[in-house]
Amino acid sequence: MKKLINDPQDVVREALEGMAAAHPDLIRVNMEPRYVVRADAPVQGKVAIVSGGGSGHEPMHGGFVGYGMLDAACPGEVFTSPTPDQMYEASKAVHGGAGVLHIVKNYSGDVMNFEMAADMVRAEGIQVESVVIDDDVAVENSTYTQGRRGVGTTVLAEKICGAAAEAGYDLRRVADLCRKVNGWGRSMGMALTPCTVPHVGTPSFELGENEMEIGIGIHGEPGRRREALRPADEIVEMLLEPILQDLPFRQGDDVLLFVNSMGGTPLIELYVAYRKAAQVLARHGIRVVRSLVGPYITSLEMAGMSITLLKMDDELVRLWDAPVLTPALKWGAAPAPAAGSGGAA
Amino acid sequence: MKKLINDPQDVVREALEGMAAAHPDLIRVNMEPRYVVRADAPVQGKVAIVSGGGSGHEPMHGGFVGYGMLDAACPGEVFTSPTPDQMYEASKAVHGGAGVLHIVKNYSGDVMNFEMAADMVRAEGIQVESVVIDDDVAVENSTYTQGRRGVGTTVLAEKICGAAAEAGYDLRRVADLCRKVNGWGRSMGMALTPCTVPHVGTPSFELGENEMEIGIGIHGEPGRRREALRPADEIVEMLLEPILQDLPFRQGDDVLLFVNSMGGTPLIELYVAYRKAAQVLARHGIRVVRSLVGPYITSLEMAGMSITLLKMDDELVRLWDAPVLTPALKWGAAPAPAAGSGGAA
Amino acid sequence: MSIEARDIVAWLRAAAAALEAQREQLIELDRAIGDGDHGANMDRGFKAAMQRVEALDTTDIGQILRTVAMALIATVGGAAGPLYGTFFMQMASQAAGKASLSPAEWAAALEAGLQGVMDRGRAQKGDKTMVDALAPGIEALKQALAEGADLAEALRRCAVAAEEGMRATIPLVARRGRASYLGERSAGHQDPGATSAYLILRAAAEALGAVP
Amino acid sequence: MSIEARDIVAWLRAAAAALEAQREQLIELDRAIGDGDHGANMDRGFKAAMQRVEALDTTDIGQILRTVAMALIATVGGAAGPLYGTFFMQMASQAAGKASLSPAEWAAALEAGLQGVMDRGRAQKGDKTMVDALAPGIEALKQALAEGADLAEALRRCAVAAEEGMRATIPLVARRGRASYLGERSAGHQDPGATSAYLILRAAAEALGAVP
Ligand SMILES: Nc1ncnc2c1ncn2[C@@H]1O[C@H](COP(=O)(O)OP(=O)(O)O)[C@@H](O)[C@H]1O
Ligand SMILES: Nc1ncnc2c1ncn2[C@@H]1O[C@H](COP(=O)(O)OP(=O)(O)O)[C@@H](O)[C@H]1O
Ligand SMILES: [Mg+2]
Ligand SMILES: [Mg+2]
Ligand SMILES: [Mg+2]
Ligand SMILES: [Mg+2]
Chain A
16 MKKLINDPQD VVREALEGMA AAHPDLIRVN MEPRYVVRAD APVQGKVAIV SGGGSGHEPM
76 HGGFVGYGML DAACPGEVFT SPTPDQMYEA SKAVHGGAGV LHIVKNYSGD VMNFEMAADM
136 VRAEGIQVES VVIDDDVAVE NSTYTQGRRG VGTTVLAEKI CGAAAEAGYD LRRVADLCRK
196 VNGWGRSMGM ALTPCTVPHV GTPSFELGEN EMEIGIGIHG EPGRRREALR PADEIVEMLL
256 EPILQDLPFR QGDDVLLFVN SMGGTPLIEL YVAYRKAAQV LARHGIRVVR SLVGPYITSL
316 EMAGMSITLL KMDDELVRLW DAPVLTPALK WGAAPAPAAG SGGAA
Chain B
16 MKKLINDPQD VVREALEGMA AAHPDLIRVN MEPRYVVRAD APVQGKVAIV SGGGSGHEPM
76 HGGFVGYGML DAACPGEVFT SPTPDQMYEA SKAVHGGAGV LHIVKNYSGD VMNFEMAADM
136 VRAEGIQVES VVIDDDVAVE NSTYTQGRRG VGTTVLAEKI CGAAAEAGYD LRRVADLCRK
196 VNGWGRSMGM ALTPCTVPHV GTPSFELGEN EMEIGIGIHG EPGRRREALR PADEIVEMLL
256 EPILQDLPFR QGDDVLLFVN SMGGTPLIEL YVAYRKAAQV LARHGIRVVR SLVGPYITSL
316 EMAGMSITLL KMDDELVRLW DAPVLTPALK WGAAPAPAAG SGGAA
Chain C
7 MSIEARDIVA WLRAAAAALE AQREQLIELD RAIGDGDHGA NMDRGFKAAM QRVEALDTTD
67 IGQILRTVAM ALIATVGGAA GPLYGTFFMQ MASQAAGKAS LSPAEWAAAL EAGLQGVMDR
127 GRAQKGDKTM VDALAPGIEA LKQALAEGAD LAEALRRCAV AAEEGMRATI PLVARRGRAS
187 YLGERSAGHQ DPGATSAYLI LRAAAEALGA VP
Chain D
7 MSIEARDIVA WLRAAAAALE AQREQLIELD RAIGDGDHGA NMDRGFKAAM QRVEALDTTD
67 IGQILRTVAM ALIATVGGAA GPLYGTFFMQ MASQAAGKAS LSPAEWAAAL EAGLQGVMDR
127 GRAQKGDKTM VDALAPGIEA LKQALAEGAD LAEALRRCAV AAEEGMRATI PLVARRGRAS
187 YLGERSAGHQ DPGATSAYLI LRAAAEALGA VP
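Each protein sequence line maps, in turn, to chains A, B, C and D.
Quick note: my numbering has the first sequence finishing at residue 360, numbered continuously throughout.
Quick note: my numbering has the second sequence finishing at residue 360, numbered continuously throughout.
Quick note: my numbering has the third sequence finishing at residue 218, numbered continuously throughout.
Quick note: my numbering has the fourth sequence finishing at residue 218, numbered continuously throughout.
Simulated from the structure, these hints should not be mistaken for laboratory data.
One should not assume that every hint holds.
As the list claims (entries may be wrong) - Using 30 Å as the maximum straight-line C-alpha spacing, the simulated DSS-like pairs for lysine-lysine come out as follows:
#, chain 1, residue 1, chain 2, residue 2
1, B, K195, B, K107
2, D, K53, B, K17
3, A, K17, C, K148
4, B, K17, A, K17
5, D, K53, B, K107
Model, not experiment: these values are computed from the prediction.
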């Protein structure tokens, strides 16, 4: 295991300390229990948005805390859901009187922990809505099973709902919007290499020099199937096909195309893949109106990528373009006098 | 070699096509010869800033083209300097009547190609200034040799000079500012793994499971020395020590701390390293006023990091904080009606 | 023949020791069809729970079990955290204020815990989860007691049934939890949560088997 | 005994063939102390140059060499692009308008090329660069001609001296180019640029050795 770490048990804590040191203008980090909140929390009168999940997916979620996106993020151990006390304390810390939205990725652990937390927060008299993101078309959808995993659409939902909360949407409307984004987003991922959880020390699975995993999640788990490695263009077709076959994409639709690195795949390869994805969509008569390319929802150092497609309408485009000021996503002008990439002024 | 690519010979072209498709609001890509220019080039009356170098360092330089940073970037083959005709054509395409600054990393290839290009551009009656960045303290400085490599400070110089050009600095002042940034910036890097140039197909060097290379550049070349792998905190000390010993850092100084991934190292590890770097600087009485953490000047999928320290004064802080709107660095409000992360409006 | 607070603590200690000893095995099982953290999660959680339990000075079995539940909820994370947290929380409700439990009360508490797990996880028998070890184990315990077996014998039959249930997860295709994402590929592997559940029930046989 | 335009083309063809054949070796040498692209760069560049040269219909040696220079500048990149580009550009200036070169004119053109490389790269002999093969090779050529050797013999001695110069780079510590960043670690490896320079001069011996 070759990593820039100290004691494997300390990785999450030390990374949080690093985040706190790097971005004091944007976020604050609480250590007991662990959560990240925006520097100006709580924002009075605004719906507070809280997310969280296992660590190892950086920048998600801590890197998405700030103006126009999340109010708080709860990091668990690497690839392990955080615990209800974290979500409970974080929700209380950011509640500004307009209720709290929990954005939860569909993993049994995340769902159950957030459920317990929501009960605890409601017991304090705070309104809570929970939306579960389940956009991974690699998993067959069925009411008899756990259902699909929450992956790339989570990033887009957090950005868009964050902008809506900033724009004054009330809790019900932000939650409905989040469900709309979830309904309009589909993802599929693949891996070229496994990743190694620091305190485990061995790779999450083995993969031959000419093999790849198709239909992976974001926790280093094996995918739906293993195949011989193929050229990028063919891999893009393999990922896009099930996405496009799943509703709701149709000719004439506008979409946001999100090509995501699993961590170890560099930008130059993502752009090679983006190029092909754009070509495939053009062939289907689907118009890419917005894009996101980079490592945003990762599995430690895993090499590979995921593709997410989100159907867009005017509301989603407007909210996507709205200012955001977080460690990992940043554009436009926030009303607050914050700028620069970090550091105390 | 496990990469998301098609024919290794096509990687650079296909990645450029992907960039063009992903960011039509920010950049345009020319293919013969290859260069990337900001979408609104040439900007009349503004000093034009042109950089370039081998590909494989993404997002540098193409990802830094846009409002408030570069006017043009010239990508060579992977790890191979671009050619004078690229720089010549790019300079002409972005020249807005106020001269052109070439920001050149100190590699014999880059320097010589940019020299030839500058001669060609001057022959057209266009004023050209060239500034060579040589900030890598891993290399001993000597007038008898090639001198130090240009690494992390390049990113910071491009951002800061881009803001100055936007603010109306004339060519001489932008060039002087660039030399000031170069004089005030120092970097040092290390690798946990080698990287593989696509058309070569084999790793740039071999490294045992418990070894690391200290003092690497950004071209997959071996470093100054090979050592046993150590905990992140010790590695940070090893990188910071020669940086701090080199002028110009003193107790009481303000600095920008830039912790950079070589490509394959994920954010969670960078933050672990950032934490330690901030502690070491605090111990030396050096104040971190701005930060940058992420993969900005990379060597394909190499795992490892570099640390750059830039001494800051009011001018540099103001220019750092100024708006920038490029595929890879983006904050603040540009006067132009551009927003979002890409896509045609 | 009744179970005292100190017996409950002995059970918890034995469970914690078994989970520590089987940490790597649980990690291996979870690596095959999950994300490889189950062993670390359970070990971390039971260590934290035991630290708090050992610091208690009470004969209230409800309080002891509630302390375990809170510790697991706050430190295990993942799926197992809320599930085992709920398990012990439901047991705690049954045992609230009691300094000793009859075998029947003990079985009822376990059954309440199981019901809590099934409600929390929306899992049925056959979904390839911890329920597949807990349910047959607790069923066998009740059955044995109903047939007049003494506690030691009933606990032995409980452990045997839990072990069988655990092994029976091997051919199953998972319908709940992380393993369900693998679809057919989840078949052929033993469920990690069923394994930890078996270890916890077996610890009861060890620690409570000699209860007078 | 004079060198015609077709002889120059034959030389360039032989050089391109040698660089193609030695592509992997040049890559290996550059991997050891550089970035591993020298073989690909030179092969790509000379292929592009030859494509343009073969399309020419001229007996102007200057034009031929200028075409090579422009092609190398535009397609090689890296350090070798401007260096070899300058080399051929300076040769082209010497040969401008000429349909044939005497052996002395040929040597003078090479010498001008060498001077161009040294100016462009600010390199001296002993810096562990292509200069270390070019300089002794061209020196030996001039010397041989001065001693009355015929062109074939002079070119043979040129190639031998260039090869020696190339081998002599092995123990050197690089002071120019990418290898210089390695400091002491650059010693013990043969310089890739000196190797390609030797191949180009050896190609001259092969292609021009039989010039009448
Ligand atoms: N919905 C559920 N109902 C019951 N048990 C579940 C459920 N989801 C997961 N489990 C159990 O939890 C175990 C995995 O626990 P653990 O690895 O700690 O959590 P995670 O899957 O979040 O990493 C599975 O082996 C399974 O027995
Ligand atoms: N300043 C210089 N002067 C002369 N020759 C040089 C100089 N810099 C590099 N070289 C030569 O160029 C060769 C490397 O060429 P190449 O690998 O194509 O370029 P790069 O180093 O940019 O990758 C070196 O082996 C050396 O012979
Ligand atoms: Mg987990
Ligand atoms: Mg090169
Ligand atoms: Mg698990
Ligand atoms: Mg090279």
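**OP:** Report the numbers of all earlier hints that the structure fails to satisfy, in ascending order.
**Re:** Hint 3 alone not satisfied by this model.
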